[in-house]
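Got chain D sorted already, so can you dock chain E onto it with the hints?
Order-wise, the sequence lines are chains D and E. First residue of the first sequence? That's 9 in the numbering used here, and the numbers climb one at a time after it. First residue of the second sequence? That's 9 in the numbering used here, and the numbers climb one at a time after it.
Among these hints, one or two may not hold up.
Copies of the same chain look alike in the list, so a pair counts if it fits in one copy or across any two.
[What the hints assert, rightly or not] Okay, derived cross-link-like pairs now, DSSO-like style, lysine-lysine, Cα gap no bigger than 27 Å in a straight line:
| # | residue 1 | residue 2 |
| --- | --- | --- |
| 1 | 101 | 73 |
| 2 | 97 | 20 |
| 3 | 20 | 100 |
| 4 | 101 | 20 |
| 5 | 90 | 100 |
Because the hints were derived from the structure by calculation, they are not lab data.
Residue-level listing of the chains:
2 protein chains.
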Amino acid sequence: MEVRVIATLQAKPEFVSAVNDALHEIIEPSRQELGNLQYDLHRDLEQPGTFVFFERWASAEALEKHNATEHFKRFVSQIDGKLDLLDIKQLKKIA
Amino acid sequence: MEVRVIATLQAKPEFVSAVNDALHEIIEPSRQELGNLQYDLHRDLEQPGTFVFFERWASAEALEKHNATEHFKRFVSQIDGKLDLLDIKQLKKIA
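Chain D extracted, bound-state conformation (with noise of 0.2 Å):
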């Protein structure tokens, strides 16, 4: 079953930047991921320094093993302590 993430980073002013570049970094390894169909990055056009990723994964299974890679450990350690708000939904298209 197809898993979505859609996962909300709102930066710290002064990290806006920071994370800006951790994001763009997580981009290409993660979509040569076996199990990515998808890995979009989007920026919120009324709230600065709020980004949102939408993502679609094959299976939980493929996601699990995404949350194990490298790429995503060095992407979770970058952006510690520079968020005011980080929220990761695990979503199932339904229509």
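For chain E alone, coordinates are given in the frame of chain D:
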């Protein structure tokens, strides 16, 4: 410029079914709008009663037209008073 929308709706426990029906009702007419590129409905796998739309619109004007349609106005009236949370983000894909 393509505009993307992520709309998160958390139904009050007693209105999950009514909100679910209203959400499904607005999908087809929205997909038939000229400027709509994608209009996917999801449910949150970890939070029952939470639904998320992922929408892609050809332009800000297309989204404005959508918000003025009869089916959108009917949807707004159908969910009025039935939500614990409504969050609508307008996004631009940056990578």
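Status of each hint after checking the structure:
Taking the shortest Cα distances, residue 101 and residue 73 sit within 27 Å of each other both inside one copy (21 Å) and across copies (25 Å). When the C-alpha separation of residue 97 and residue 20 is checked against a cutoff of 27 Å, the pair qualifies both within a copy, at 21 Å, and between copies, at 18 Å. With identical chains, the CA atoms of residue 20 and residue 100 are at most 27 Å apart between copies only, with a shortest distance of 20 Å across copies and 30 Å within one. Taking the closest pair of Cα atoms, residue 101 and residue 20 come within 27 Å of each other only across two copies (21 Å); inside a single copy the shortest separation is 31 Å, beyond that limit.
Taking the closest pair of Cα atoms, residue 90 and residue 100 come within 27 Å of each other only across two copies (22 Å); inside a single copy the shortest separation is 29 Å, beyond that limit.
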